[in-house]
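**Student:** Chains A and B supply the protein sequences, listed in that same order. Under numbering that gives the first Met the number 0, the first residue of the first sequence is numbered 0, with each subsequent residue one higher. Under numbering that gives the first Met the number 0, the first residue of the second sequence is numbered 0, with each subsequent residue one higher.
In case anyone wonders, no lab produced these hints; they're calculated from the structure. Just so it is clear, the structure is predicted and the values come from calculations on it, not from any experiment. Quick reminder that beta carbons are idealized off the backbone N, C-alpha and C, glycines included. There's no promise every hint is true.
[As the list claims (entries may be wrong)] In the PhoX-like style, the derived pairs of lysine-lysine whose C-alpha atoms are separated by at most 20 Å in a straight line are:
#, chain 1, residue 1, chain 2, residue 2
1, A, 199, B, 102
2, A, 123, A, 31
3, B, 162, B, 9
4, B, 261, B, 102
5, B, 162, A, 31
6, B, 104, A, 123
7, B, 205, B, 189
8, B, 205, A, 31
9, A, 211, A, 199
10, A, 31, B, 102
[Unchecked claim] What the simulated footprint calls covered on chain A by chain B, stretch by stretch (three residues with Cβ under 8 Å from a Cβ of chain B suffice, anywhere in the stretch; the number is not a length):
#, region
11, 38-48
12, 66-73
13, 81-93
14, 234-246
15, 268-274
[Claimed, not checked] Partial chain A-side listing against chain B, Cβ under 8 Å, derived:
#, residue
16, 53
17, 117
18, 120
19, 135
20, 138
21, 143
22, 147
23, 155
24, 158
25, 159
26, 161
27, 174
28, 178
29, 195
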Amino acid sequence: MSYAVETPKTPKAPEAPEAPAATPAARTARRKALLQWIAVHSLGVAAALFFVLPFVFLLLTSLMDDQQTLTRDLIPHHWAWSNYRTVFEVPGFLTWWRNTLLYAGLGTVLSVVSSVPVAYALAKFRFRGRNLSLMLVISMMMLPPQVIIIPMYLFWARQLDLSGTLWPLIIPLAFGDAFTIFLLRQFLMTIPNEYLDAAKVDGCGEFRTLIKVVLPMARPGIAAVALFQFFYAWNDYFGPQIYASDTPASWTLSYGLESFKGAHHTDWNLTMAATVLVMAPVILVFFFAQKAFVEGVTLTGVKG
Amino acid sequence: MSTPYTLRAKHRRSALRTLAFLSPWLIGFCVFFAYPLISTVSFSFTHYDGFSPATFSGLKNWSYVFNDYPLFWPALRNTLWLVVVMVACRVVFGLGIGMLITKIKTGVGVFRTLFYLPYLAPPVAATLGFVFLLNPGTGPVNSLLGDLGIPAPDWFTDPSWSKPALTLLAVWGVGDLMVIFMAALLDVPKEQYEAADLDGARAWHKFRYVTLPNISPIVMFAVVTGVIQAMQSYTQPLVAGKVASGVIGNSGQPFEPGYPDKSTLTLPQLVYNLGFQRFDYGSACVVALVLFALSMAFTALLMKRRGGLIQAGE
Numbered sequence: 000m001s002y003a004v005e006t007p008k009t010p011k012a013p014e015a016p017e018a019p020a021a022t023p024a025a026r027t028a029r030r031k032a033l034l035q036w037i038a039v040h041s042l043g044v045a046a047a048l049f050f051v052l053p054f055v056f057l058l059l060t061s062l063m064d065d066q067q068t069l070t071r072d073l074i075p076h077h078w079a080w081s082n083y084r085t086v087f088e089v090p091g092f093l094t095w096w097r098n099t100l101l102y103a104g105l106g107t108v109l110s111v112v113s114s115v116p117v118a119y120a121l122a123k124f125r126f127r128g129r130n131l132s133l134m135l136v137i138s139m140m141m142l143p144p145q146v147i148i149i150p151m152y153l154f155w156a157r158q159l160d161l162s163g164t165l166w167p168l169i170i171p172l173a174f175g176d177a178f179t180i181f182l183l184r185q186f187l188m189t190i191p192n193e194y195l196d197a198a199k200v201d202g203c204g205e206f207r208t209l210i211k212v213v214l215p216m217a218r219p220g221i222a223a224v225a226l227f228q229f230f231y232a233w234n235d236y237f238g239p240q241i242y243a244s245d246t247p248a249s250w251t252l253s254y255g256l257e258s259f260k261g262a263h264h265t266d267w268n269l270t271m272a273a274t275v276l277v278m279a280p281v282i283l284v285f286f287f288a289q290k291a292f293v294e295g296v297t298l299t300g301v302k303g
Numbered sequence: 000m001s002t003p004y005t006l007r008a009k010h011r012r013s014a015l016r017t018l019a020f021l022s023p024w025l026i027g028f029c030v031f032f033a034y035p036l037i038s039t040v041s042f043s044f045t046h047y048d049g050f051s052p053a054t055f056s057g058l059k060n061w062s063y064v065f066n067d068y069p070l071f072w073p074a075l076r077n078t079l080w081l082v083v084v085m086v087a088c089r090v091v092f093g094l095g096i097g098m099l100i101t102k103i104k105t106g107v108g109v110f111r112t113l114f115y116l117p118y119l120a121p122p123v124a125a126t127l128g129f130v131f132l133l134n135p136g137t138g139p140v141n142s143l144l145g146d147l148g149i150p151a152p153d154w155f156t157d158p159s160w161s162k163p164a165l166t167l168l169a170v171w172g173v174g175d176l177m178v179i180f181m182a183a184l185l186d187v188p189k190e191q192y193e194a195a196d197l198d199g200a201r202a203w204h205k206f207r208y209v210t211l212p213n214i215s216p217i218v219m220f221a222v223v224t225g226v227i228q229a230m231q232s233y234t235q236p237l238v239a240g241k242v243a244s245g246v247i248g249n250s251g252q253p254f255e256p257g258y259p260d261k262s263t264l265t266l267p268q269l270v271y272n273l274g275f276q277r278f279d280y281g282s283a284c285v286v287a288l289v290l291f292a293l294s295m296a297f298t299a300l301l302m303k304r305r306g307g308l309i310q311a312g313e
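Make a model of the complete structure from these sequences and hints.
**Tutor:** This is the structure:
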């Protein structure tokens, strides 16, 4: 759809086509390379528009006044920066931030700390049932959360009386998270055994080897899984909906955001400002941690 | 020289050590996977509303879900539609973007970042954004299409366009596939392309006979994980349906899921509808098990050695 509005720029060519050509064949080859360069980059710009324009439209809408969101004009008549202040004044919005940071922050720490030894054992120990354990981890990772939600809800709500809080979402992360274990295991597989053997020759036990040798080398992998876990919690909608829906004081940003449209304001400009605010931290963190992200995604698929 | 006794002690020590390292997960597996899974199976044969004690009801819930629950078949059909169309679109587009990015010479870092960003957008935020952008009356997309003289669909308010709109949203977030395809494409041995060049192969033949065979395990991986993901579609269709229908957020008021006309209903939504809106935990567990069976079937496919998708050993 957004391809329709493509306006490919014609960027500077890498090499001047007018340069004196040795042979006609070389000239044709160079012209072909230039044409290909232009075609590839025009396509790139068109694709970039498809990916970026929605963000641009959301930003522009978040800066309109409420009447203008009902018109077809795309550029704000007057730039209503105060929308962002209004969003923060909505009762609950700051609480949702706090809850989200608690769920994402504490959850990430717990899940990484408890998953590291498990991933290490699955990657480097030889024991009976290792392949079975790995298959079970993968099965847990692929299990839709809805499959076990009824007994889980009854367990947390009826037996432990913790519904209305985010603890039913945080506490399980202290017992390892399947996706974190799997991703870390993929990463630890790439650490050569020679390092571990050398540590053992030096008299390190497994635990010391893990702390002193493996962890420092695994830092990029740990960064990747920590980011994934953090954003999983940040984005989670189903979990808070099950456990916290009756208790607005326990809502998270992702869950509260939907109620924003309607309960507090029907205005699209404020809703879009809130949407931008929920997206912004994710995008900011990404800019600082691009490598870790890309590494993590690659690990899920490529390296065995 | 170790005597059999010390050998056995060594074995025992190493088994204990393994157990110690695995223990967080072993506890988690039992408490948060095995136990609830078994409970889900047993609940599916009981009548339970959460208040009066559960009573055994045999296959009544199963028969209710398959024969009398009016949302089950539409939800299953929608889920399968998404599994087929959404996955196909994501894989084809993701591969295209992956190939494009390996060809880009100038500013590749910028392009890669821009292509990747939507993958990170929180699903609720992205869905809200798309419902607004694709809003038939005042949304900017339809304004632009109108200016270009292209008849614009009603997207999330038209039952025949709501799933394509969800697909568009999923295609927008194709950054994860781009990254794994890019890594796979860069791993294709250069010599094979050179050999194909010597044979005078055209672009299409190079793709068909060199690129595709080399990356097929990754394509397979993307398809299977995509199918599992699509089967779990929950947040996006639910939020799109609720916001497009104008239901007041999550104020607790009951809503008819699947707006418009059940077209955005998916299997995971039924678990919520049956369990947490109708308090029919037994029937909710039946739907949960259907979802479980489908997911595990595809997970088994993913783990099959021959596909080389995820190898357990080395």
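**Student:** Going through the earlier hints one by one, which of them does the structure break, listed in rising order?
**Tutor:** 1, 2, 3, 4, 5, 6, 13, 23, 24, 25, 26, 28 and 29
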